[in-house]
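Visitor: The listed protein sequences correspond, in order, to chains A and B.
If you're matching positions, the first sequence starts at 71 in this note's numbering and goes up one per residue.
If you're matching positions, the second sequence starts at 71 in this note's numbering and goes up one per residue.
Worth double-checking, as some hints may not be accurate.
Some chain B residues well away from chain A (every beta-carbon gap over 10 angstroms; in silico) [as the list claims (entries may be wrong)]: (1) Leu128; (2) Asp235; (3) Asp240; (4) Met249; (5) Asp292; (6) Pro303; (7) Val307; (8) Ile313; (9) Gly378.
Which stretches of chain B does chain A cover? Using the computed rule of at least three CB atoms under 8 angstroms from a CB of chain A, they are [said to hold, decoys possible]: (10) 228 to 234; (11) 461 to 467.
Because the hints were derived from the structure by calculation, they are not lab data.
C-beta atoms are modelled at their ideal positions from N, C-alpha and C, and glycine is treated no differently.
Protein chains: 2
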Amino acid sequence: LADIGMQTLPNGKDIKLPTVLFGVLGNDELKKTLLIYGHVDVQPANKEDGWNTDPFRLTEKDGKLYGRGSSDDKGPVIGWINALETLRRKKVTLPVNIKFCFEGMEESGSKGLEEALSARKDTWLSDVDFTCICDTAWLGKKPCLQYGLRGICYYFITISSSKQDLHSGDFGGVIYEPMKDLCWMLSQLTDLDGKINIEGLSEMVRPLTDEERRLYDEIDFDPEEFKSNICVPELTVKTKQEILISRWRNPSLSVHGVEGAFSGAGAKTVIPAKVVGKFSIRLVPDMDPVEVNRIVIAHLDNLWRQRGSPNHYKTTVCHSGKPWISDHCNPHYSVAAKAIKRDYTREGGAIPVTLTLQELTGKSVLLLPFGRSDDMAHWQNEKIEVRNFIEGTKLMATYLTELSSI
Amino acid sequence: LADIGMQTLPNGKDIKLPTVLFGVLGNDELKKTLLIYGHVDVQPANKEDGWNTDPFRLTEKDGKLYGRGSSDDKGPVIGWINALETLRRKKVTLPVNIKFCFEGMEESGSKGLEEALSARKDTWLSDVDFTCICDTAWLGKKPCLQYGLRGICYYFITISSSKQDLHSGDFGGVIYEPMKDLCWMLSQLTDLDGKINIEGLSEMVRPLTDEERRLYDEIDFDPEEFKSNICVPELTVKTKQEILISRWRNPSLSVHGVEGAFSGAGAKTVIPAKVVGKFSIRLVPDMDPVEVNRIVIAHLDNLWRQRGSPNHYKTTVCHSGKPWISDHCNPHYSVAAKAIKRDYTREGGAIPVTLTLQELTGKSVLLLPFGRSDDMAHWQNEKIEVRNFIEGTKLMATYLTELSSI
């Protein structure tokens, strides 16, 4: 259990970060070494948020196990332990040494982990031959292997006017309202279909090769089912290939919200004095966060000059993370594919440790999904299906034994 | 103490509305009758909001009395009582009968009061000859009389897409994001300087007469002081006359906020599924709320068609209130002006009961301000200056005795 330092909370208080478990199982010099990553922290959950069961008591119903962390990511961690227990009971000799890295800050950006891993680059990590991360979900209802994750650049647009909020009855009509400036700025970033109106970004995207395009053709994915699962009237693109490419290998811009304006229910007659608009851009290879940040901030600053408002304005970077992509043709992926007999896919989200581990070990990192995309990870009534848990655990055991063939 | 019925809370629970005090002092049939309105409820306040003192313990410091309600509106209510006590002690015979209407729901839209007053139109209210409302503030640091209040129409724009919030990593790129639609809609309502881009509204505004324009010329008001008090870099208009006209006798549109999007501190990678944008328009004579609502909703519906988004959309009216204007040339205003020796002004905000009392009594209603515009009514560290309290109480006593001249 490794101490990974302190965290300063927004209120200024310092607290210890949760320790990271660095485990070792086997140290046969003739065997290769697999690193398994998982996390045991979860998103917040309260019964009052709309859970049908106590979120912190695992509850089985209709073939589903409900509970916070059941799919993301306590369930998969237990899956590894069950797989190893079974192999030991069946007296199967493991073809690899195993190292474990289980952390408790993943849902908070893996704070402290990168430093802890970097410090172990030439020691504990030096003999790792491949890494497996089980913290993603199947595509739809089907198992898959993932070889890519998008990165992210997250921005704050801060606009302020008066020293305090003003009453719209007394002051409406003479104030350059920051909220109006902000809505205008945010409305300029994309067109209706989501195309990003920031010059220079699309040029950074690695061109799609014919081989890669064929990979999308082969993926088993039903656009209609996807659409009806999330209940949207329309998607911005229609075909299977377009949907997967838009989610995985193209950048996207999302507007998340506004801090400082009235956000409660009902009506309040306020002119907010200071508002912070929040948006982010998902990055794909070869977008470099440093270059993206430079382009985006210059674009926003220029937009602000076009707006011509006398208010105070600033766009800042909240955080950024690089995209990650792996070579899915290497033997590590082949053995996993043999275990799973399924598609190669990417994923739209980010797991910061993926890139860190690939860079520190210089070896192949594999994303082996366990739960399903409709498991409600991060939401109310998170679950793992019993079938996923059992078959997923079998898959883990099979993957471990298949590693002997490398 | 009159029972005014029940209120249904947002959680579905019914509670009794606070009683209204209907008081009578004097019933000499040879005298005219003055109705005094005030309210004893206040805005919420917590020490943690940033108060320097306990908001519910009146604290004197540097000639100022700090406490919630000191200026809005417990202070003025006590001012009336002090004025009457002093006149009684000095054995001054009141030249009028007085009726009091003190309520406890003003900060919540005077719920129940209109019905209670309407029910008393032909009885308790029938002999009222003039009404005085002491619930507004001086213009800057100078006393004044107010003869107008703007009305309001408050709107919700509701836009929704998926059945629940989505993760921007997994879904960014294929979703028509409601938040982007909303920012665009809100950005179309006004131009940079606040001019309302809704056809048909400005045509409803009563033209400014030369006589009225002269009234603005005569008002003692310093634009620079006003600007520096609220600390804004620029105002949308520059001259004294333009500022006062924009605040009092022209409509204005303010964007208050968004419900349903991320509004906390920090970063959240969410695509909000359902957002409600909130804006309001301040009304002036002769804008009729029914007609304004018709025009505004038709305009928004038309904007939505221009946007061409497949998402679900609706604009609804949250509440509306008519503007109020009084004839400031009548004897009631003249005696008050004699007592106060000051300017005639209007006010940008709304006090719903003003119009109700004018319509039910058919007689003159006067707004006699007591506190100052920098008293922080509705905000942290609300105060009334000792000078305002003493001189304001003297003004009330003088006004009462001057009524003899009508």
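Visitor: Hints first: check each against the structure and report whether it holds.
Guide: For each hint, the structure was consulted:
Every Cβ of chain A is farther than 10 angstroms from the Cβ of Leu128 of chain B; the closest lies at roughly 22 angstroms, confirming the non-interface assignment. Remark: the non-interface label on Asp235 of chain B conflicts with the geometry, its nearest Cβ contact in chain A lying 8 angstroms away (cut-off 10 angstroms). Chain A draws Asp240 of chain B into its interface by the beta-carbon criterion, the shortest separation being 5 angstroms against a cut-off of 10 angstroms. The beta carbon of Met249 of chain B sits about 4 angstroms from the closest Cβ of chain A, which is not more than 10 angstroms, so the claim that it is off the interface is violated.
The beta carbon of Asp292 of chain B is kept farther than 10 angstroms from every beta carbon of chain A, the shortest such distance being approximately 14 angstroms. Non-interface call for Pro303 of chain B relative to chain A: violated, since the shortest CB-CB distance, roughly 4 angstroms, does not exceed 10 angstroms. Once the 10 angstroms rule is applied to beta carbons, Val307 of chain B is inconsistent with being away from chain A; the minimum gap is 6 angstroms. Not every beta carbon of chain A lies more than 10 angstroms from that of Ile313 of chain B, the smallest distance being close to 5 angstroms; the non-interface claim is violated.
Against the 10 angstroms criterion, Gly378 of chain B falls within the reach of chain A, whose nearest CB is about 6 angstroms from its own CB. Under a criterion of three residues with beta carbons nearer than 8 angstroms to beta carbons of chain A, the stated coverage of the region 228 to 234 of chain B is upheld, 4 such residues being counted. Counting residues of the region 461 to 467 of chain B whose CB lies closer than 8 angstroms to any CB of chain A gives 0, which falls below the minimum of 3, so the coverage claim is violated.
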